[in-house]
Amino acid sequence: MQTSAPPHLESTKTIFSSSITKLVVFICWLAILADGYDLGIYGAVLPKLLEDKSWALSPAHAGTIASYALFGMFIGAILVGTITDLIGRKWTLICCLALFSITMGLAALAPSPELFGLSRFIGGIGLGGVIPTASALTVEY
Numbered sequence: 001m002q003t004s005a006p007p008h009l010e011s012t013k014t015i016f017s018s019s020i021t022k023l024v025v026f027i028c029w030l031a032i033l034a035d036g037y038d039l040g041i042y043g044a045v046l047p048k049l050l051e052d053k054s055w056a057l058s059p060a061h062a063g064t065i066a067s068y069a070l071f072g073m074f075i076g077a078i079l080v081g082t083i084t085d086l087i088g089r090k091w092t093l094i095c096c097l098a099l100f101s102i103t104m105g106l107a108a109l110a111p112s113p114e115l116f117g118l119s120r121f122i123g124g125i126g127l128g129g130v131i132p133t134a135s136a137l138t139v140e141y
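Take the sequence shown: its letters are residues 1 to 141, numbered as in the numbering used here.
Honestly, the hints are just simulated from the structure, not real lab data. Please note that the accuracy of each hint is not assured.
Quick list of simulated restraints, FRET-style, between CB atoms [stated by the list, open to error]:
(1) Val45 - Glu140: 31 to 41 Å
(2) Leu79 - Leu115: 19 to 29 Å
(3) Ile94 - Gly36: 16 to 26 Å
(4) Thr21 - Ser58: 22 to 32 Å
(5) Ala136 - Leu115: 31 to 41 Å
The C-beta atom is built at its ideal place from N, Cα and C for all residues, glycine as well.
Assemble the whole structure, with the sequences as input and the hints as a guide.
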């Protein structure tokens with residue numbers, strides 16, 4: 001006895017069957033890549049920050065500043081679910097990307113370690129929302 005697949009399974013689309021799916025996956029991949037780049041670049045910039053005499057950073061203070069972004073990511077990851085329920089995944093991802101892009105640009109222009117740390121923390125909130133939102137958006141499409 002043979003049975004055929006249920007109608008809803010016969011028309012199941014294959015992975016990457018539409019151009020919108022490819023576009024969404026690519027954009028989400030870029031968002032997660034930018035997230036990782038932002039976290040990784042601090043390690044590359046750290047030696048120059050420690051050499052800067054006007055900031056007078058100790059290694060301990062530099063480590064504290066590095067943790068600000070991670071703490072911001074923790075806060076962002078907690079808040080992103082509620083925000084996503086209010087405005088949707090697409091707009092949450094756009095807002096998170098805008099938040100961390102703007103604040104990381106401000107971090108590059110920060111005149112003091114305190115403002116640098118503050119912008120890293122606020123940017124971390126946006127970073128914390130990128131990975132869960134991009135992952136959910138990718139699965140949705």
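Verification of the hints:
no., hint, in the structure
1, Val45 - Glu140: 31 to 41 Å, "holds, 35 Å"
2, Leu79 - Leu115: 19 to 29 Å, "holds, 23 Å"
3, Ile94 - Gly36: 16 to 26 Å, "holds, 19 Å"
4, Thr21 - Ser58: 22 to 32 Å, "violated, 49 Å"
5, Ala136 - Leu115: 31 to 41 Å, "holds, 33 Å"
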